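S.K.: So the sequence lines, in the order shown, correspond to chains A and B.
Using the UniProt record's numbering, the first residue of the first sequence is number 1, and each one after it goes up by one.
Using the UniProt record's numbering, the first residue of the second sequence is number 1, and each one after it goes up by one.
If you're looking for bench data, these hints aren't it; they were derived computationally from the structure.
Bear in mind that the values here come from a model prediction, so they are computed numbers and not experimental data.
No copy is singled out in the list; a pair is fine if it fits within one copy or between any two copies.
In silico BS3-like links for lysine-lysine, alpha-carbon gap of 27 Å or less: (1) Lys-326 with Lys-5; (2) Lys-279 with Lys-390; (3) Lys-390 with Lys-102.
There are 2 protein chains.
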Amino acid sequence: MRMVKVEASVSLRRDLDTGTEMQRDAVDNIITQVIEQGDHALYTLTKTLDGAELDQLRVTEAEMEAAYAQMDEELIGALREAMTNIRDFHQRQLRQSWLTTKEDGTILGQQITALDSVGVYVPGGKAAYPSSIMMNVIPAQVAGVKRIVMVSPPQADGSLPAGVLVTASELGVEEIYKVGGAQAVAALAYGTESITPVDKITGPGNIYVALAKRAVFGKVDIDMIAGPSEIVVLADETGDPGYIAADLLSQAEHDERASAVLVTTSNELAEQVSVEVEKQLALLPRKDIAAASIRDYGVIYVARDIAEAIHVVNELAPEHLELLTKEPMNLVGKIRHAGAIFVGSYSSEPVGDYFAGPNHVLPTNGTARFSSPLNVDDFIKKSSIIAYSKEALEANGSKISALARLEGLEAHARAIDIRLEGNK
Amino acid sequence: MRMVKVEASVSLRRDLDTGTEMQRDAVDNIITQVIEQGDHALYTLTKTLDGAELDQLRVTEAEMEAAYAQMDEELIGALREAMTNIRDFHQRQLRQSWLTTKEDGTILGQQITALDSVGVYVPGGKAAYPSSIMMNVIPAQVAGVKRIVMVSPPQADGSLPAGVLVTASELGVEEIYKVGGAQAVAALAYGTESITPVDKITGPGNIYVALAKRAVFGKVDIDMIAGPSEIVVLADETGDPGYIAADLLSQAEHDERASAVLVTTSNELAEQVSVEVEKQLALLPRKDIAAASIRDYGVIYVARDIAEAIHVVNELAPEHLELLTKEPMNLVGKIRHAGAIFVGSYSSEPVGDYFAGPNHVLPTNGTARFSSPLNVDDFIKKSSIIAYSKEALEANGSKISALARLEGLEAHARAIDIRLEGNK
Numbered sequence: 001m002r003m004v005k006v007e008a009s010v011s012l013r014r015d016l017d018t019g020t021e022m023q024r025d026a027v028d029n030i031i032t033q034v035i036e037q038g039d040h041a042l043y044t045l046t047k048t049l050d051g052a053e054l055d056q057l058r059v060t061e062a063e064m065e066a067a068y069a070q071m072d073e074e075l076i077g078a079l080r081e082a083m084t085n086i087r088d089f090h091q092r093q094l095r096q097s098w099l100t101t102k103e104d105g106t107i108l109g110q111q112i113t114a115l116d117s118v119g120v121y122v123p124g125g126k127a128a129y130p131s132s133i134m135m136n137v138i139p140a141q142v143a144g145v146k147r148i149v150m151v152s153p154p155q156a157d158g159s160l161p162a163g164v165l166v167t168a169s170e171l172g173v174e175e176i177y178k179v180g181g182a183q184a185v186a187a188l189a190y191g192t193e194s195i196t197p198v199d200k201i202t203g204p205g206n207i208y209v210a211l212a213k214r215a216v217f218g219k220v221d222i223d224m225i226a227g228p229s230e231i232v233v234l235a236d237e238t239g240d241p242g243y244i245a246a247d248l249l250s251q252a253e254h255d256e257r258a259s260a261v262l263v264t265t266s267n268e269l270a271e272q273v274s275v276e277v278e279k280q281l282a283l284l285p286r287k288d289i290a291a292a293s294i295r296d297y298g299v300i301y302v303a304r305d306i307a308e309a310i311h312v313v314n315e316l317a318p319e320h321l322e323l324l325t326k327e328p329m330n331l332v333g334k335i336r337h338a339g340a341i342f343v344g345s346y347s348s349e350p351v352g353d354y355f356a357g358p359n360h361v362l363p364t365n366g367t368a369r370f371s372s373p374l375n376v377d378d379f380i381k382k383s384s385i386i387a388y389s390k391e392a393l394e395a396n397g398s399k400i401s402a403l404a405r406l407e408g409l410e411a412h413a414r415a416i417d418i419r420l421e422g423n424k
Numbered sequence: 001m002r003m004v005k006v007e008a009s010v011s012l013r014r015d016l017d018t019g020t021e022m023q024r025d026a027v028d029n030i031i032t033q034v035i036e037q038g039d040h041a042l043y044t045l046t047k048t049l050d051g052a053e054l055d056q057l058r059v060t061e062a063e064m065e066a067a068y069a070q071m072d073e074e075l076i077g078a079l080r081e082a083m084t085n086i087r088d089f090h091q092r093q094l095r096q097s098w099l100t101t102k103e104d105g106t107i108l109g110q111q112i113t114a115l116d117s118v119g120v121y122v123p124g125g126k127a128a129y130p131s132s133i134m135m136n137v138i139p140a141q142v143a144g145v146k147r148i149v150m151v152s153p154p155q156a157d158g159s160l161p162a163g164v165l166v167t168a169s170e171l172g173v174e175e176i177y178k179v180g181g182a183q184a185v186a187a188l189a190y191g192t193e194s195i196t197p198v199d200k201i202t203g204p205g206n207i208y209v210a211l212a213k214r215a216v217f218g219k220v221d222i223d224m225i226a227g228p229s230e231i232v233v234l235a236d237e238t239g240d241p242g243y244i245a246a247d248l249l250s251q252a253e254h255d256e257r258a259s260a261v262l263v264t265t266s267n268e269l270a271e272q273v274s275v276e277v278e279k280q281l282a283l284l285p286r287k288d289i290a291a292a293s294i295r296d297y298g299v300i301y302v303a304r305d306i307a308e309a310i311h312v313v314n315e316l317a318p319e320h321l322e323l324l325t326k327e328p329m330n331l332v333g334k335i336r337h338a339g340a341i342f343v344g345s346y347s348s349e350p351v352g353d354y355f356a357g358p359n360h361v362l363p364t365n366g367t368a369r370f371s372s373p374l375n376v377d378d379f380i381k382k383s384s385i386i387a388y389s390k391e392a393l394e395a396n397g398s399k400i401s402a403l404a405r406l407e408g409l410e411a412h413a414r415a416i417d418i419r420l421e422g423n424k
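Work out the full structure, taking the sequences as your base and the hints as a guide.
M.R.: Listed below in structure tokens is the structure:
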């Protein structure tokens with residue numbers, strides 16, 4: 001791995017993939033087609049793009065039963081345990097509506113309500129990601145969203161992977177459509193004969209899905225557009241080089257543009273990790289991807305002390321941060337920007353990816369400076385409540401009119417005045 | 001006003017103004033200019049676009065003193081009282097970081113931190129809006145944002161309106177730059193010699209400002225892109241036609257594309273409000289704007305009963321909702337989508353625009369289905385905390401590896417395995 005001294009300015013930002021002009025045009029065309037032709041467009045596009053000829057879009061009970069027959073019991077047990085942990089963690093985020101009252105009769109507050117409906121996109125392709133379904137569906141369920149729809153591109157034989165169907169069923173998701181790509185996003189935003197539109201679309205996808213989400217944003221809400229994944233490990237001389245190398249590689253295997261960074265105060269550890277990475281890398285099934293990621297976006301920073309190391313971490317604002325130092329919990333309060341903080345030697349990143357409970361949908365590419373892991377708040381909204389009494393308006397009305405007139409808004413002032421006059 | 005029976009589907013959505021191609025090109029050019037030429041571009045563009053020749057961008061203490069000399073003492077008092085109310089309401093939204101522990105040593109939680117820096121855009125033009133400064137700055141301050149920067153286009157003589165400067169100073173905002181338009185947004189996102197970049201940009205502006213915010217989104221965070229403003233009044237036969245007409249007009253005077261809607265169960269009230277609107281409209285200084293808004297986007301819906309009326313309101317998902325019914329508080333729980341709910345005859349919308357405490361930056365154009373008033377959460381972010389003990393990893397490690405392998409991610413599984421082996 002590339003080893004560098006910490007310099008004044010640290011950045012590993014990668015440009016967001018906004019697609020080629022051809023890709024953007026293709027997405028625009030697909031969206032128009034779905035708006036104009038509804039289901040017909042979905043069937044046609046699914047045949048062309050996924051090679052699957054479907055009789056109906058919605059997954060049937062028979063398909064679900066077939067999926068269960070294929071799944072290993074023990075795996076279902078592990079999935080259920082993960083769901084319990086994830087549900088528990090997200091339930092702790094739930095907030096209550098609140099009111100405050102004043103003696104003059106004023107009532108102010110926030111009413112919290114769930115979104116009515118959410119669509120979750122589940123990518124197809126080689127790897128089907130049950131964890132991604134859990135991480136998107138559970139926060140919405142905990143928030144109280146009544147209608148949760150899932151969409152995912154069918155395989156060429158018209159089926160969805162068993163792991164995807166069983167995970168959905170275990171979560172209680174019953175409305176599942178076999179449609180993917182930009183056409184699925186368009187259907188969720190605009191609706192077709194089979195698919196009633198939703199209020200928000202979440203979940204990862206390829207560049208076409210990302211471009212479609214960007215295009216329908218405003219018509220519906222979307223979650224973040226995820227960039228390539230990244231991990232930063234902060235370690236002192238007590239860090240275990242084998243653990244650290246394994247964690248760096250678990251990030252690197254995701255994507256050639258993924259980034260794996262070690263920030264350490266120990267020259268010796270830096271050397272050891274570099275050797276371990278090469279050793280473990282050679283034995284990985286996805287070694288080509290991981291090697292490219294390590295080559296292009298793998299860095300070891302050697303810092304003079306922990307303070308400098310933490311400065312580097314905060315500049316990077318990583319998606320995943322691991323603290324492998326002597327007293328790692330004491331450093332948590334110094335971390336200003338990170339999606340998820342994994343504390344201590346046994347908190348390997350995959351613990352959070354699958355099982356512990358916190359969400360694995362995290363802000364990438366430095367956006368932890370201003371955004372958060374996917375959470376229950378992403379599926380609720382607040383309405384302000386303002387109830388003024390006659391007494392409160394009489395006491396404050398003239399000040400309100402004065403402020404309105406300061407801004408040149410006479411009709412605003414008069415809406416107050418008419419009530420004050422009426423009271424005379 | 002146009003009077004209609006409630007039909008199956010209700011929508012008043014207006015297309016978002018995404019500018020002309022010329023406007024978009026102009027904004028792109030301005031952003032490039034600021035990135036390449038820094039302060040020089042800001043001075044040049046301010047001269048060309050605002051007609052102001054400046055010696056320095058940052059507002060001086062002397063300018064601030066001059067502003068105070070122009071302001072009415074009583075108005076300053078009203079501003080201070082409004083600030084106290086707004087600060088109090090937003091302080092109640094503050095959340096704590098939290099942790100949960102398990103007997104096996106696991107610690108999970110969310111660490112809440114404020115954004116480091118925020119830029120607030122304050123529009124220039126005829127009406128200077130002190131209320132907008134309060135509504136954007138106070139939530140950021142309450143959240144704990146350390147650096148808050150304000151930008152606003154200077155008048156031709158190179159000054160900012162006294163109301164703007166005094167409001168900023170009363171709030172403790174000390175870093176104010178006399179620059180507006182897309183160039184101000186670009187400077188906040190990319191930085192120049194004088195202006196250090198920020199992490200998030202909020203505040204309303206004209207189409208150039210909106211397009212620039214959209215363009216820099218991702219590099220920094222932005223608040224919502226506001227559409228035209230709207231009010232819906234829900235009233236039964238107890239509603240006061242004079243009050244209702246005044247409130248509808250207070251919305252209509254904002255903008256020709258603003259929308260003012262009455263939903264009522266009373267035919268008689270519908271008639272009376274229609275007459276009152278015409279009467280009051282004729283006497284307004286901004287009557288041309290208000291008349292256009294009422295003509296194009298003013299509607300009175302007559303519903304059969306309150307249930308139908310509420311259905312209409314939820315379909316509209318209004319920015320501002322007023323409840324002028326017999327027992328209005330009882331209806332609040334039935335409202336699923338609204339930016340702010342004004343309850344009862346004395347809660348005229350301007351009460352919330354200026355004074356009561358809740359934020360006046362609200363989701364427009366039906367987006368209350370999935371978004372919220374500007375609030376403290378918009379200026380914080382959460383980091384997940386995951387600390388697993390050796391015991392917890394030994395108990396759960398094999399399940400985590402199995403889930404990783406189900407997704408075909410072998411390096412993830414090995415990052416767990418290496419720790420389990422190490423413990424043998």
